[in-house]
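So the protein sequences, as listed, match chains A, B, C and D. Residue numbers 28 to 166, in my numbering, belong to the letters of the first sequence in order. Residue numbers 28 to 166, in my numbering, belong to the letters of the second sequence in order. Residue numbers 28 to 166, in my numbering, belong to the letters of the third sequence in order. Residue numbers 28 to 166, in my numbering, belong to the letters of the fourth sequence in order.
Since the hints were derived computationally from the structure, they do not count as laboratory data. We put the CB at the ideal spot given by N, CA and C, even for glycine. Where hints are given, some of them may not hold.
Said to hold, decoys possible - Okay, derived cross-link-like pairs now, DSBU-like style, lysine-lysine, Cα gap no bigger than 35 Å in a straight line:
#	chain 1	residue 1	chain 2	residue 2
1	A	104	C	165
2	D	33	A	152
3	B	129	C	38
4	C	129	D	33
5	C	165	C	33
6	B	152	C	165
7	B	104	B	129
8	A	55	A	129
9	B	55	B	33
10	B	129	B	165
Claimed, not checked - So the derived label-pair ranges between C-beta atoms look like this:
#	chain 1	residue 1	chain 2	residue 2	range
11	D	57	B	106	56 to 62 Å
12	D	35	B	72	33 to 39 Å
13	D	42	B	124	55 to 61 Å
14	C	34	B	29	46 to 52 Å
15	D	151	C	35	28 to 34 Å
16	A	164	D	149	43 to 49 Å
17	A	73	B	57	32 to 38 Å
18	C	152	D	136	38 to 44 Å
19	C	152	A	105	25 to 31 Å
20	A	153	B	151	34 to 40 Å
21	B	34	D	151	37 to 43 Å
22	C	31	B	119	33 to 39 Å
23	C	106	B	45	45 to 51 Å
24	D	40	B	30	54 to 60 Å
As the list claims (entries may be wrong) - With the C-beta cut set under 10 Å, the calculated list includes, among others, these residues of chain C facing chain A:
#	residue
25	111
26	121
27	160
Number of protein chains: 4
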Amino acid sequence: MIDWFKQQIGKESAQLSPSFTGRWLNGKLTGAEEGSLTVEFIVREEMLNPGQILHGGIATTMMDDVMGMTVFSLGRKDFFATINVSVDFLRPARLGDTVIAKSQVIRAGDSIINITCELSHTDGKTIARCTSNLVKTKF
Amino acid sequence: MIDWFKQQIGKESAQLSPSFTGRWLNGKLTGAEEGSLTVEFIVREEMLNPGQILHGGIATTMMDDVMGMTVFSLGRKDFFATINVSVDFLRPARLGDTVIAKSQVIRAGDSIINITCELSHTDGKTIARCTSNLVKTKF
Amino acid sequence: MIDWFKQQIGKESAQLSPSFTGRWLNGKLTGAEEGSLTVEFIVREEMLNPGQILHGGIATTMMDDVMGMTVFSLGRKDFFATINVSVDFLRPARLGDTVIAKSQVIRAGDSIINITCELSHTDGKTIARCTSNLVKTKF
Amino acid sequence: MIDWFKQQIGKESAQLSPSFTGRWLNGKLTGAEEGSLTVEFIVREEMLNPGQILHGGIATTMMDDVMGMTVFSLGRKDFFATINVSVDFLRPARLGDTVIAKSQVIRAGDSIINITCELSHTDGKTIARCTSNLVKTKF
Numbered sequence: 028m029i030d031w032f033k034q035q036i037g038k039e040s041a042q043l044s045p046s047f048t049g050r051w052l053n054g055k056l057t058g059a060e061e062g063s064l065t066v067e068f069i070v071r072e073e074m075l076n077p078g079q080i081l082h083g084g085i086a087t088t089m090m091d092d093v094m095g096m097t098v099f100s101l102g103r104k105d106f107f108a109t110i111n112v113s114v115d116f117l118r119p120a121r122l123g124d125t126v127i128a129k130s131q132v133i134r135a136g137d138s139i140i141n142i143t144c145e146l147s148h149t150d151g152k153t154i155a156r157c158t159s160n161l162v163k164t165k166f
Numbered sequence: 028m029i030d031w032f033k034q035q036i037g038k039e040s041a042q043l044s045p046s047f048t049g050r051w052l053n054g055k056l057t058g059a060e061e062g063s064l065t066v067e068f069i070v071r072e073e074m075l076n077p078g079q080i081l082h083g084g085i086a087t088t089m090m091d092d093v094m095g096m097t098v099f100s101l102g103r104k105d106f107f108a109t110i111n112v113s114v115d116f117l118r119p120a121r122l123g124d125t126v127i128a129k130s131q132v133i134r135a136g137d138s139i140i141n142i143t144c145e146l147s148h149t150d151g152k153t154i155a156r157c158t159s160n161l162v163k164t165k166f
Numbered sequence: 028m029i030d031w032f033k034q035q036i037g038k039e040s041a042q043l044s045p046s047f048t049g050r051w052l053n054g055k056l057t058g059a060e061e062g063s064l065t066v067e068f069i070v071r072e073e074m075l076n077p078g079q080i081l082h083g084g085i086a087t088t089m090m091d092d093v094m095g096m097t098v099f100s101l102g103r104k105d106f107f108a109t110i111n112v113s114v115d116f117l118r119p120a121r122l123g124d125t126v127i128a129k130s131q132v133i134r135a136g137d138s139i140i141n142i143t144c145e146l147s148h149t150d151g152k153t154i155a156r157c158t159s160n161l162v163k164t165k166f
Numbered sequence: 028m029i030d031w032f033k034q035q036i037g038k039e040s041a042q043l044s045p046s047f048t049g050r051w052l053n054g055k056l057t058g059a060e061e062g063s064l065t066v067e068f069i070v071r072e073e074m075l076n077p078g079q080i081l082h083g084g085i086a087t088t089m090m091d092d093v094m095g096m097t098v099f100s101l102g103r104k105d106f107f108a109t110i111n112v113s114v115d116f117l118r119p120a121r122l123g124d125t126v127i128a129k130s131q132v133i134r135a136g137d138s139i140i141n142i143t144c145e146l147s148h149t150d151g152k153t154i155a156r157c158t159s160n161l162v163k164t165k166f
């Protein structure tokens, strides 16, 4: 599964995402390792809050979408549903900025997966950080 | 300030929102009390995750946007920036569902405001719950 | 199971707790309903931080212990392990204060239980609030 | 200030801690860098939950205490109060285990400090992780 992700690196494949919100976010995969994906997004006008900076909810959506993909990339047979997400907002991002979400699985247990994601500017400064737990779910 | 919000109840005023993301969410204010706003949203296709249910990030965005408006409705002279948001996901919402976000300020201190929001189905069943802290910020 | 808890109300039974930390906290059960327990604690010196107020970690321990008991009071056959806890600190408590932890199960799913707890002064003012998720675990 | 902490490394100075809870925890400082402290604790009986493993609240207390010390070690003139803490529990620790809390300041802003802490076994396996925000407070 991770090999498939590696083949998508740099491709304009966001519009093929199985996530409708993922297509709306229109990210570009730029890195894929076991348990870690890197995706770039460009901040559009409809992603801004009244202070003209990246809406905290949209920053969360970017990270949540990348974390979901990362769990999928583990190639587990079961579906994992998000239990919770906890987010800290550290710095603003503005219209037109390229922002980079990088995920990292911390512990992939049999039933619970704990994963983090960091959203950064291209100069490495952190915009937001989050942690999430997902649970194995039967369809 | 809360009086102004009360006058907006039921109006199709989402497109006048100072929040670009708020316009994209296209909510309708249905209740306004001191420290609590109620906003309805309709789940659109671009709000769905790969499992065809409301994306956790978008659920968070709905609640975060309503919490931000609620803090604004307190009529404080200063701007408040979101420090963190912690979200639990309890039940799915699906395409076309009307979902209701109701906020509640827990403590409005001089420098820190603690606020919660619950996202529910029209039958009252909870979809997601969150808590957020905001800090007074100088421009 | 909840009937057993109701019989413990007001008894000095903390020292019979199966939780060693519970005994150290030395709480007194003052209320028990389906999915909700109320426990009183007295703030001792060893529960204080350098600012001479109730240590945030100990406030969390009080709430976490009560939430664990509450999940146990549901009478489930399986053991539930805590996945995460998210806590907001709102007001100080001081040496000798009686503080009241009241839990509330929000959703008791088959595999995940979502529960909250609030720690308050006797006048009802909130000291801290938290939310936790637990997962069904096989021994 | 950080130099003072470096001088305490390895000393049995826990009983001199200005934190009463810190003394109860009885940790030993084993590392000190700008924005990061490392403290070892030994799991005692009164730190156990009913499952005979380290109580989640006590794990949180260890990390919260170390994060508080770390903020203090920055040498700021103002006092910082904890706004929130969000904790994930990953693995158990047992009676007699030596557990290691290592903090890391993520962003030390003028009014808000964002900090993380990880609690690990001596073999490096993570027991719990947490993130906290603190706010500058006037006395």
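Cross-check of the supplied hints:
{"no.": "1", "hint": "104/A x 165/C", "verdict": "holds (20 Å)"}
{"no.": "2", "hint": "33/D x 152/A", "verdict": "holds (28 Å)"}
{"no.": "3", "hint": "129/B x 38/C", "verdict": "violated (39 Å)"}
{"no.": "4", "hint": "129/C x 33/D", "verdict": "violated (42 Å)"}
{"no.": "5", "hint": "165/C x 33/C", "verdict": "holds (28 Å)"}
{"no.": "6", "hint": "152/B x 165/C", "verdict": "holds (29 Å)"}
{"no.": "7", "hint": "104/B x 129/B", "verdict": "holds (24 Å)"}
{"no.": "8", "hint": "55/A x 129/A", "verdict": "holds (12 Å)"}
{"no.": "9", "hint": "55/B x 33/B", "verdict": "holds (12 Å)"}
{"no.": "10", "hint": "129/B x 165/B", "verdict": "holds (28 Å)"}
{"no.": "11", "hint": "57/D x 106/B: 56 to 62 Å", "verdict": "violated (42 Å)"}
{"no.": "12", "hint": "35/D x 72/B: 33 to 39 Å", "verdict": "violated (59 Å)"}
{"no.": "13", "hint": "42/D x 124/B: 55 to 61 Å", "verdict": "holds (58 Å)"}
{"no.": "14", "hint": "34/C x 29/B: 46 to 52 Å", "verdict": "holds (47 Å)"}
{"no.": "15", "hint": "151/D x 35/C: 28 to 34 Å", "verdict": "violated (42 Å)"}
{"no.": "16", "hint": "164/A x 149/D: 43 to 49 Å", "verdict": "violated (35 Å)"}
{"no.": "17", "hint": "73/A x 57/B: 32 to 38 Å", "verdict": "violated (23 Å)"}
{"no.": "18", "hint": "152/C x 136/D: 38 to 44 Å", "verdict": "violated (29 Å)"}
{"no.": "19", "hint": "152/C x 105/A: 25 to 31 Å", "verdict": "violated (45 Å)"}
{"no.": "20", "hint": "153/A x 151/B: 34 to 40 Å", "verdict": "holds (38 Å)"}
{"no.": "21", "hint": "34/B x 151/D: 37 to 43 Å", "verdict": "violated (59 Å)"}
{"no.": "22", "hint": "31/C x 119/B: 33 to 39 Å", "verdict": "holds (35 Å)"}
{"no.": "23", "hint": "106/C x 45/B: 45 to 51 Å", "verdict": "holds (49 Å)"}
{"no.": "24", "hint": "40/D x 30/B: 54 to 60 Å", "verdict": "holds (58 Å)"}
{"no.": "25", "hint": "111", "verdict": "holds (6 Å)"}
{"no.": "26", "hint": "121", "verdict": "violated (29 Å)"}
{"no.": "27", "hint": "160", "verdict": "holds (5 Å)"}
In summary, the structure is inconsistent with hints 3, 4, 11, 12, 15, 16, 17, 18, 19, 21, 26 from the numbered list given earlier, while agreeing with the others.
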